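Student: My numbering numbers the first residue of the sequence shown as 741 and each following residue consecutively.
Read the hints as simulated data drawn from the structure, not as lab findings. Predicted model, so just to flag it, every value in this text is computed and none were measured. The reader is advised that the hints may include incorrect statements.
[Stated by the list, open to error] Have a look at the derived ranges for each label pair, beta carbon to beta carbon:
1. Gly783 to Pro821: 14 to 22 Å
2. Gly874 to Thr752: 30 to 38 Å
3. Ala873 to Ala823: 32 to 40 Å
4. Ala873 to Leu807: 18 to 26 Å
5. Gly848 to Asn750: 32 to 40 Å
6. Asn750 to Arg796: 36 to 44 Å
7. Asp810 to Arg892: 30 to 38 Å
Backbone N, C-alpha and C define an ideal beta-carbon position, used for all residues, glycine too.
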Amino acid sequence: MGSPRIGRSNPTLDVTVSSAVRRCALSPAAAADLVRRALRAEGVRHAVVSVAFVGRRRIRSLNRTYLGHDRETDVLAFALPGAAGVVVGDVYCAPESAARAARRYGVGLREELRRLVVHGVLHVLGHDHPEGAGRELSAMWLRQESLLRRLRGGR
Numbered sequence: 741m742g743s744p745r746i747g748r749s750n751p752t753l754d755v756t757v758s759s760a761v762r763r764c765a766l767s768p769a770a771a772a773d774l775v776r777r778a779l780r781a782e783g784v785r786h787a788v789v790s791v792a793f794v795g796r797r798r799i800r801s802l803n804r805t806y807l808g809h810d811r812e813t814d815v816l817a818f819a820l821p822g823a824a825g826v827v828v829g830d831v832y833c834a835p836e837s838a839a840r841a842a843r844r845y846g847v848g849l850r851e852e853l854r855r856l857v858v859h860g861v862l863h864v865l866g867h868d869h870p871e872g873a874g875r876e877l878s879a880m881w882l883r884q885e886s887l888l889r890r891l892r893g894g895r
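Based on the provided sequences and hints, a complete structural model is requested.
Tutor: Below is the structure:
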């Protein structure tokens, strides 16, 4: 990923989305739009962010390799070094894992994938939350849910 040129008046939000899964309830265009809108809502003017929809084995492998957790998860996000003033990061979402969470929470798969994408963006921006019971009461979770309500009208 190249760094965007930073200008005073022209924001540059470079978002790419890929999918290694057969079907995904959130289209690449909708995911990219959501990332851009979330970044703008968080006051980000310059960013290079990639989102990849991956299978269960791939997300487990990434979780083991980079975080030392040998288990499947629904989303991983990594903030990467970039030029001054440019947010750079990768977000990985596992639609199969998201489907289980969607059933557990009683929401549609598309809604849960939107939640995971925004969750990943917030991690790229440096937000974090506790594990376990306090997760859904954390400042990050509340910010995520607020963003999702504000951005609801997207594709």
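Student: May I ask you to test the hint 18 to 26 Å on the CB atoms belonging to Ala873 and Leu807?
Tutor: holds (20 Å)
Student: Is the gap between the beta carbons of Gly848 and Asn750 within 32 to 40 Å?
Tutor: Roughly 36 Å apart at Cβ, these two residues keep to the hinted range, so it holds.
Student: Does the hinted range 14 to 22 Å hold for Gly783 and Pro821 at CB?
Tutor: holds (20 Å)
Student: Per the hint of 32 to 40 Å, is the separation of the Cβ atoms of Ala873 and Ala823 within bounds?
Tutor: Since Ala873 and Ala823 have Cβ atoms about 39 Å apart, the given range 32 to 40 Å holds.
Student: Does the Cβ distance between Asn750 and Arg796 fall inside 36 to 44 Å?
Tutor: holds (40 Å)
Student: Okay, Gly874 versus Thr752 on CB: inside 30 to 38 Å?
Tutor: Since the Cβ atoms of Gly874 and Thr752 sit about 36 Å apart, the hinted range of 30 to 38 Å holds.
Student: That 30 to 38 Å hint for Asp810 and Arg892 (C-beta), does it hold up?
Tutor: holds (36 Å)
In the structure shown, no violation is registered for any of the earlier numbered hints.
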